[in-house]
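Residue numbers (this note's numbering), protein chains in the order written: chain A, 1 to 360; chain B, 1 to 360; chain C, 1 to 360; chain D, 1 to 360.
Simulated from the structure, these hints should not be mistaken for lab results.
Repeated chains share a single entry, so a pair holds when one copy, or any two copies, can fit it.
Using 30 Å as the maximum straight-line C-alpha spacing, the simulated DSSO-like pairs for lysine-lysine come out as follows:
#1 K288 with K107
#2 K113 with K55
#3 K235 with K194
#4 K190 with K323
#5 K36 with K55
#6 K253 with K194
#7 K194 with K132
#8 K224 with K288
#9 K253 with K288
#10 K36 with K24
Spelled out, the chains give:
4 protein chains.
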Amino acid sequence: MKIGVIGCGYWGPNLIRNFIQSNKVQELFCCDLDPKRLDRMKKLYPSIHVFPDYKELLDLSDLDAVAIATPVRTHHSIAREFLLQGKHVLVEKPMTHSLETALELVKLAEMNKRVLMVDHTFEYASAVNKIKTIVESAELGEILYVSSIRVNLGLFQPDINVVWDLAPHDISIILYVLNKVPESVNCQGKAHYKASIEDVATTSLNFENGVIAFIHNSWLDPNKIRKTTIVGSKKMLVYDDIETQEKIKIYDKGVEAPPYYDTFADFHFSYRYGDIYSPRIDDYEPLKKECEHFLRCIGEEECPHTDGRDGMRVVAILEAASKSLRLRGTEVSVQTWETEKNAAPRSIDHSALLTAEVNK
Amino acid sequence: MKIGVIGCGYWGPNLIRNFIQSNKVQELFCCDLDPKRLDRMKKLYPSIHVFPDYKELLDLSDLDAVAIATPVRTHHSIAREFLLQGKHVLVEKPMTHSLETALELVKLAEMNKRVLMVDHTFEYASAVNKIKTIVESAELGEILYVSSIRVNLGLFQPDINVVWDLAPHDISIILYVLNKVPESVNCQGKAHYKASIEDVATTSLNFENGVIAFIHNSWLDPNKIRKTTIVGSKKMLVYDDIETQEKIKIYDKGVEAPPYYDTFADFHFSYRYGDIYSPRIDDYEPLKKECEHFLRCIGEEECPHTDGRDGMRVVAILEAASKSLRLRGTEVSVQTWETEKNAAPRSIDHSALLTAEVNK
Amino acid sequence: MKIGVIGCGYWGPNLIRNFIQSNKVQELFCCDLDPKRLDRMKKLYPSIHVFPDYKELLDLSDLDAVAIATPVRTHHSIAREFLLQGKHVLVEKPMTHSLETALELVKLAEMNKRVLMVDHTFEYASAVNKIKTIVESAELGEILYVSSIRVNLGLFQPDINVVWDLAPHDISIILYVLNKVPESVNCQGKAHYKASIEDVATTSLNFENGVIAFIHNSWLDPNKIRKTTIVGSKKMLVYDDIETQEKIKIYDKGVEAPPYYDTFADFHFSYRYGDIYSPRIDDYEPLKKECEHFLRCIGEEECPHTDGRDGMRVVAILEAASKSLRLRGTEVSVQTWETEKNAAPRSIDHSALLTAEVNK
Amino acid sequence: MKIGVIGCGYWGPNLIRNFIQSNKVQELFCCDLDPKRLDRMKKLYPSIHVFPDYKELLDLSDLDAVAIATPVRTHHSIAREFLLQGKHVLVEKPMTHSLETALELVKLAEMNKRVLMVDHTFEYASAVNKIKTIVESAELGEILYVSSIRVNLGLFQPDINVVWDLAPHDISIILYVLNKVPESVNCQGKAHYKASIEDVATTSLNFENGVIAFIHNSWLDPNKIRKTTIVGSKKMLVYDDIETQEKIKIYDKGVEAPPYYDTFADFHFSYRYGDIYSPRIDDYEPLKKECEHFLRCIGEEECPHTDGRDGMRVVAILEAASKSLRLRGTEVSVQTWETEKNAAPRSIDHSALLTAEVNK
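Generate coordinates for the entire structure from the input sequences, incorporating the hints supplied.
Structure below.
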């Protein structure tokens with residue numbers, strides 16, 4: 001297959017590396033406006049073809065697909081051009097900058113029967129699929145709430161705020177694991193460095209039956225934290241993606257009433273009640289799994305796990321969050337759309353698929 | 001002096017132990033409805049006098065003061081009775097269950113010229129006073145936002161939700177350190193175990209000039225976390241009260257643009273930019289400091305650091321949070337009150353006081 | 001019962017507090033050469049009797065027992081005096097400063113049928129007894145080696161080196177858990193601050209069948225570490241006494257050959273192979289359990305778990321370590337003694353005893 | 001330049017990747033007995049030439065140098081062949097399997113005026129060079145002792161024990177930082193899985209003036225630990241190579257006498273006395289730096305920082321450790337040799353060199 005990668009900044013190189021190591025890719029075409037980045041790519045991977053302008057790829061009639069890793073505001077127009085040319089498309093998250101444009105891409109891909117996939121990388125991660133299996137096994141009991149923190153220092157985005165930049169990971173993980181879409185969203189945040197580009201925010205996803213997910217994102221936190229806590233009626237699970245040894249910990253709840261203490265120091269001791277268990281996680285690069293999956297989808301061997309509709313759901317939530325931000329935290333409904341109403345819930349459980357022969 | 005302690009549950013024993021070790025206390029009178037708790041106290045401290053009913057203390061004419069560590073809903077009526085009897089009063093946090101009752105206590109204490117102190121313990125902690133000194137020195141630059149997490153498993157309160165139970169600590173620390181009162185509050189949470197008693201919530205305090213404080217509280221989290229991040233325009237500070245060695249860490253901000261990475265694994269490495277510094281913290285029990293301060297206030301040697309007005313401010317914020325909760329997260333103004341308007345900002349810097357001769 | 005506590009420095013106050021809270025103790029007699037320490041004790045526990053000179057306790061005919069928490073070099077002579085007076089004795093670890101004096105105390109106690117107990121506190125700790133149960137269940141397989149680190153900053157002892165000060169804890173835990181006595185010892189260390197008082201050392205205990213235990217002790221390490229790793233042929237166990245939440249972790253071994261890596265960063269990622277499990281540990285103060293046990297031993301309700309022979313075994317190992325230190329690390333046999341040859345191995349499994357009704 | 005890499009197992013791929021990214025390397029020739037590994041390399045780096053037998057490289061007259069990453073026992077004979085052919089040689093650590101063979105390589109290289117470099121990677125690491133700068137600045141005072149732990153699970157070597165496998169890193173770091181060679185060595189260990197191949201060991205390096213370094217190595221530890229503590233008379237430094245954020249921490253010593261405690265819980269609290277400081281570390285791959293340095297040494301632009309004599313010193317210490325192991329821990333002198341006596345101490349301070357323009 002012949003694949004194009006548009007954008008060689010922070011994420012593009014990872015796409016290039018994975019495509020170049022795949023048996024299915026014969027030729028790779030890479031584009032970036034910055035000649036330094038193109039040079040760097042060419043040096044690392046001498047076999048690639050490089051182009052400053054992605055438009056040149058539109059003329060390559062035997063190109064099969066493109067992966068788009070450009071600034072968010074350009075996703076829609078670039079993806080649109082290639083879909084109209086009949087190419088398959090993999091888009092970086094968030095899929096587009098508005099629900100309307102997301103819907104247009106979904107419709108275009110469905111009409112033209114092309115693969116439209118969104119790069120929700122974590123849905124291909126071993127740990128996230130392990131969590132999905134655990135949650136679906138009801139080991140945690142009924143899920144009560146989720147709390148997710150994704151913060152770090154720097155890598156400001158010039159065109160999108162911290163919610164659009166970081167929360168897509170949290171949202172796609174939560175929707176995937178809970179297999180639910182929220183009804184409404186609250187979002188509160190502030191822009192300290194650049195007007196209207198919030199650099200810190202907290203978002204609540206309100207699901208039916210009182211289930212709630214809290215998401216905290218920041219570009220200004222001195223520590224890099226990627227931590228998701230899932231609290232069930234029976235057990236709790238903590239997923240810490242920074243941890244190398246114990247990414248997932250499952251906590252038995254145990255008894256509820258702590259003992260009385262006689263001294264202040266006793267009182268300050270951390271307490272816990274039950275056993276803690278950390279299952280083994282297969283170690284592989286999620287993006288490698290995702291790129292291979294994309295290539296198999298193009299070859300019609302598989303259906304996309306993270307398709308355009310998944311991308312659209314996340315964009316719908318982000319749009320509601322933006323609206324809530326402007327309304328100073330007021331609850332905003334997540335907009336639904338005609339085509340979605342008739343859509344079956346995502347039925348492919350790809351966790352089974354993923355755990356099979358990961359490193360064969 | 002003769003001091004009464006009302007309530008010998010989770011916190012009362014700490015008050016008793018500290019009063020009994022003070023040179024200024026001659027006799028200690030302890031009350032609890034549960035005879036087992038009274039027996040336990042009598043066994044630990046044979047010299048105390050015990051009473052099942054606190055009303056008996058009202059008859060002790062030479063009693064100087066009482067400390068109230070009963071359920072929150074009873075604070076106001078008990079404190080009121082003793083203030084009316086001309087006794088000095090130390091009340092557990094939150095001071096009362098409503099702004100109206102808080103205001104009544106404040107007025108009563110001011111009219112009768114009695115000490116009304118609220119047990120905002122952390123304002124007496126070495127680490128918190130160190131943080132206040134650092135913030136006021138402008139070492140962090142202008143404060144942009146605060147993010148505070150206070151969660152643990154269990155110790156549900158039967159009469160108040162998790163915001164009224166845990167957030168008073170976060171709020172009193174934030175108000176003390178920033179020396180500011182928020183203009184409005186957003187609060188989102190859910191009650192999973194007992195109707196109308198939220199067990200998880202996230203609260204935003206909105207200050208003037210875009211400063212914001214996020215507070216996350218839960219009774220259902222498997223980990224005990226007490227962590228406050230203060231982000232300034234120059235440096236950041238993380239206060240982790242669970243840490244024994246490095247409670248406070250100060251992070252230099254350093255350069256802002258991370259380098260490009262060639263591989264996924266490199267990309268995943270945590271990054272940081274500047275030096276990290278963890279100042280030495282004096283190790284003492286905050287409550288010991290507070291109890292001694294209360295006794296000196298009674299003796300008119302000092303003015304209360306955490307007086308009734310401080311308690312009232314926190315209650316005003318909690319009341320706004322409750323209202324926002326009912327309005328599903330909508331922003332709610334923090335109510336001001338007549339007497340406050342004329343009040344000078346808290347002018348006593350007791351951090352200096354505290355650091356002097358802590359362990360003499 | 002009437003109990004004496006000799007020495008109110010670092011450890012004595014813990015003995016006093018536990019004895020005073022016991023139902024079985026009617027009167028407590030406390031001695032210290034330093035009047036300030038005596039005053040502090042009297043203030044904390046007004047009911048105790050205080051004496052500057054422990055010799056005064058020798059005249060109290062109705063005294064049942066003494067607990068000795070004085071400098072190590074004085075243990076033997078004080079214990080000897082009280083055993084000769086027919087009193088029961090609990091001695092701080094290490095029991096004496098030489099094997100010869102240890103043996104004399106053991107013989108004296110056995111002849112006079114008095115309780116001679118040594119304060120190997122950790123043998124009463126919940127975590128250590130849990131570990132013993134796990135090791136004896138063969139869950140870890142055959143034990144291959146133990147590695148124990150006990151280091152911190154400060155609290156230099158004036159009369160004994162760091163091996164005699166800190167290693168008794170490691171040694172008593174290892175002997176108790178493995179139920180074995182080493183055949184020989186190597187020890188290497190240096191004295192940096194005071195001649196002949198080593199402040200850092202590493203000790204190896206060589207057991208039969210190639211089992212080895214490494215112990216590292218220091219008074220000069222900036223971090224407080226108390227960590228014991230037990231490696232079995234099937235699983236490994238790590239006991240970290242500083243951890244509050246996960247004191248014990250059990251590691252499944254899993255596959256042995258790590259995968260090849262393509263990049264340096266991948267190569268640097270920590271790897272693990274199996275599940276990790278952290279069992280719940282009952283939380284109680286080991287010394288409380290030990291003091292109650294001592295009182296029951298005096299009352300002939302129980303046999304001492306940590307008796308004089310246990311104390312003597314640890315002293316024998318320490319003496320061999322001192323000899324090896326002088327021989328610059330050469331292997332030195334642990335001396336056996338006549339009475340030991342006929343002794344049955346410690347047959348009382350008090351872990352069962354301990355876990356029953358810990359907090360009744 | 002034309003460079004050969006012999007051995008494409010665990011470490012070879014890192015050499016290949018770094019040489020291929022260098023501007024100075026025109027052609028790369030890679031050898032491995034395993035065709036699967038050769039295929040993998042060819043797939044990752046299509047431009048390389050691959051050979052199953054390294055002997056074929058001996059015939060390439062315009063080959064400039066080889067890097068040898070084969071099993072340790074083969075280092076000497078392979079390096080010897082290429083040095084005799086007049087090629088420059090970079091050898092994986094430990095340089096050879098015996099002092100005698102190490103000395104032969106050193107002499108051969110000096111006679112033929114070829115570069116003989118040993119891959120002591122950590123001497124090129126940013127953190128290690130920062131530590132060397134700190135130690136040489138006397139900020140820590142006089143160095144009293146070093147304690148180094150390097151353990152993990154697995155990656156057994158078939159032909160060398162854990163000391164020869166892991167300790168070369170600790171030894172090369174310690175010698176480099178202290179700028180001293182030990183006078184004698186003690187080593188204690190056990191072989192549990194394969195006769196005579198110790199899988200756990202502890203080694204002491206005894207320097208003049210009572211300075212001592214403890215090294216603990218294991219292939220059986222459930223945790224991956226790479227931690228070196230350097231204790232000075234003024235401050236201490238901890239280097240934790242697993243840490244991503246705070247690889248180096250410097251501890252102020254502060255006062256020495258801890259306070260008395262009244263309760264067991266207080267007693268258990270970790271204590272510290274002074275400030276802690278963690279300097280920023282430049283983040284780059286040490287091997288990249290090393291490979292570039294090797295290429296510049298070949299081009300006579302620089303002198304090797306980790307030359308054959310450095311490799312020989314480490315081998316001399318390993319040989320003494322092996323002898324001590326056979327003597328069950330007895331102290332063994334580190335053998336000196338004629339040529340060394342006349343050698344000046346390593347005079348090039350390449351820390352300055354390294355910190356300059358690291359990422360240019």
